[in-house]
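Student: Sequence:
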Amino acid sequence: MKNELKNSVLSSLARLLELNKEKIAEANEADMRAFPGMDDSMKDRLRVDEKKIGGMIRSLEEVASQSDPEGKTLYEFVREDKLRVVNRTVPFGTILIIYESRPDVTIEAAATAFKAGNRILLKGGKEARRTNLLLAGLWQQALAEQNASADYIQYLDLSREETQRLIRENSHRADLIIPRGGEGLIRFVQENASVPVIVSGRGNNFLYIDENADFAMAIRLILNGKKRISVCNAIDKALLHKDTGELKEKLSDLVTHLTEKGIEVWGNKEITALCNRIKEENNTATLYEEYLAPKLYLSLVDGIQEAIDMINRYSGGHTAVIVTNDEEKAVEFMQQVDCAAVYHNASSRFTDGGQFGVGAEIAISTQKLHFRGPLGAQELVTNKWFVYGNGQIRE
Numbered sequence: 000m001k002n003e004l005k006n007s008v009l010s011s012l013a014r015l016l017e018l019n020k021e022k023i024a025e026a027n028e029a030d031m032r033a034f035p036g037m038d039d040s041m042k043d044r045l046r047v048d049e050k051k052i053g054g055m056i057r058s059l060e061e062v063a064s065q066s067d068p069e070g071k072t073l074y075e076f077v078r079e080d081k082l083r084v085v086n087r088t089v090p091f092g093t094i095l096i097i098y099e100s101r102p103d104v105t106i107e108a109a110a111t112a113f114k115a116g117n118r119i120l121l122k123g124g125k126e127a128r129r130t131n132l133l134l135a136g137l138w139q140q141a142l143a144e145q146n147a148s149a150d151y152i153q154y155l156d157l158s159r160e161e162t163q164r165l166i167r168e169n170s171h172r173a174d175l176i177i178p179r180g181g182e183g184l185i186r187f188v189q190e191n192a193s194v195p196v197i198v199s200g201r202g203n204n205f206l207y208i209d210e211n212a213d214f215a216m217a218i219r220l221i222l223n224g225k226k227r228i229s230v231c232n233a234i235d236k237a238l239l240h241k242d243t244g245e246l247k248e249k250l251s252d253l254v255t256h257l258t259e260k261g262i263e264v265w266g267n268k269e270i271t272a273l274c275n276r277i278k279e280e281n282n283t284a285t286l287y288e289e290y291l292a293p294k295l296y297l298s299l300v301d302g303i304q305e306a307i308d309m310i311n312r313y314s315g316g317h318t319a320v321i322v323t324n325d326e327e328k329a330v331e332f333m334q335q336v337d338c339a340a341v342y343h344n345a346s347s348r349f350t351d352g353g354q355f356g357v358g359a360e361i362a363i364s365t366q367k368l369h370f371r372g373p374l375g376a377q378e379l380v381t382n383k384w385f386v387y388g389n390g391q392i393r394e
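Here this note's numbering is used: the first residue of the sequence shown is 0, the next is one more, and so on.
Keep in mind the hints are simulated off the structure, nothing from the lab.
None of these values were measured; they are calculated from a predicted model.
Don't be surprised by glycine CBs; every beta carbon is placed ideally from N, CA and C.
There's no promise every hint is true.
To be verified - Cβ-Cβ distance ranges computed for the label pairs, FRET-style:
(1) Glu269 to Gln140: 55 to 63 Å
(2) Glu331 to Asn2: 36 to 44 Å
(3) His343 to Ala33: 41 to 49 Å
(4) Glu28 to Lys260: 41 to 49 Å
(5) Arg87 to Lys278: 54 to 62 Å
(6) Glu269 to Arg219: 40 to 48 Å
Unchecked claim - Heads up, simulated DSS-like pairs for lysine-lysine below, C-alpha to C-alpha not over 30 Å straight-line:
(7) Lys42 to Lys22
(8) Lys294 to Lys241
(9) Lys50 to Lys71
(10) Lys278 to Lys268
(11) Lys71 to Lys1
(12) Lys81 to Lys50
(13) Lys278 to Lys247
(14) Lys383 to Lys71
(15) Lys268 to Lys247
(16) Lys71 to Lys22
(17) Lys268 to Lys294
(18) Lys278 to Lys294
(19) Lys260 to Lys241
(20) Lys260 to Lys42
(21) Lys249 to Lys268
(22) Lys278 to Lys226
(23) Lys328 to Lys249
(24) Lys249 to Lys42
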């Protein structure tokens, strides 16, 4: 599909979202009412309000404004016999996106894959069924308006059992599967898929406060990292250098700010001895958890190497932050921490396709292949070798 046609479809979809704001909100409200027992994290992911619709529209505009991911020359070589060898980007083909509770994926993730020239199969969760079906219908309308093939975007309204069979049998001939949801979904896809899988991994992000740090800045970054509890770029663990000056007073200040925001503060016996308002938890299993809750775990460390080791052992490989005024330590931390995104004196909440300038994202990959971190349209391509000759043979 030509880039102009792809952009026209995305622009049509943006206009249709604007025209159908009320219908989208009504469908989403019906979804919300159908699941009254949801926790706050699930509600936040499921809710589609005017702000989220505005975000979808902006994402479509940003993706449309990007260069075409298809057909870019990655490598070119002409042999002595004039055989020309060219490596170019090409679409994956058909991408199956399986996701839970977030209807904005129906727009943003699909737009990202579509811009890269892929055909998209969408399978959303039952909790967002009404919203997803309406948004998928708008996709179909946008494709029809531009005389583009309707099978570029298909919504699969399947039961759990039908979805599991789809993954096992690959009856829709997907070339790539991207699961976006809980660890149970991701594990099932990894264990049963017969095609490549890109894992949009869990968060469980760590922030390390060095002894040479602006502690007021660290507090701001932690609070911002807990501003939304349902997102994978939230901060769950904060590590403090035990030799920090006035540690007891600074720790008390941090706990005060967190509790004022309704965030529970937990820590092991060592740190609760410094502040009795911290709830004690000595089971190290909590260090592996992604909380998706108003909860933060604090721990003391001997220094930067212990912080790096803890992050590489326990985190989800998503995002890590160091707060320090020491540039050399920041470089050491950022090089050694094994995460998709690493930060020096900035909030983890920027780990997002839109914030990184890639427009809408399809996932934040915590794998090392095919690509890592926020995956935009430019990353949703593979490559192919094109070889041009004039009768050359290999002797």
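Student: Now tell me if each hint is right for this structure.
Tutor: Evaluation of the provided hints:
{"no.": "1", "hint": "Glu269 to Gln140: 55 to 63 Å", "in the structure": "59 Å, holds"}
{"no.": "2", "hint": "Glu331 to Asn2: 36 to 44 Å", "in the structure": "43 Å, holds"}
{"no.": "3", "hint": "His343 to Ala33: 41 to 49 Å", "in the structure": "44 Å, holds"}
{"no.": "4", "hint": "Glu28 to Lys260: 41 to 49 Å", "in the structure": "27 Å, violated"}
{"no.": "5", "hint": "Arg87 to Lys278: 54 to 62 Å", "in the structure": "56 Å, holds"}
{"no.": "6", "hint": "Glu269 to Arg219: 40 to 48 Å", "in the structure": "25 Å, violated"}
{"no.": "7", "hint": "Lys42 to Lys22", "in the structure": "19 Å, holds"}
{"no.": "8", "hint": "Lys294 to Lys241", "in the structure": "22 Å, holds"}
{"no.": "9", "hint": "Lys50 to Lys71", "in the structure": "35 Å, violated"}
{"no.": "10", "hint": "Lys278 to Lys268", "in the structure": "9 Å, holds"}
{"no.": "11", "hint": "Lys71 to Lys1", "in the structure": "13 Å, holds"}
{"no.": "12", "hint": "Lys81 to Lys50", "in the structure": "56 Å, violated"}
{"no.": "13", "hint": "Lys278 to Lys247", "in the structure": "16 Å, holds"}
{"no.": "14", "hint": "Lys383 to Lys71", "in the structure": "11 Å, holds"}
{"no.": "15", "hint": "Lys268 to Lys247", "in the structure": "14 Å, holds"}
{"no.": "16", "hint": "Lys71 to Lys22", "in the structure": "39 Å, violated"}
{"no.": "17", "hint": "Lys268 to Lys294", "in the structure": "17 Å, holds"}
{"no.": "18", "hint": "Lys278 to Lys294", "in the structure": "11 Å, holds"}
{"no.": "19", "hint": "Lys260 to Lys241", "in the structure": "25 Å, holds"}
{"no.": "20", "hint": "Lys260 to Lys42", "in the structure": "19 Å, holds"}
{"no.": "21", "hint": "Lys249 to Lys268", "in the structure": "18 Å, holds"}
{"no.": "22", "hint": "Lys278 to Lys226", "in the structure": "21 Å, holds"}
{"no.": "23", "hint": "Lys328 to Lys249", "in the structure": "21 Å, holds"}
{"no.": "24", "hint": "Lys249 to Lys42", "in the structure": "34 Å, violated"}
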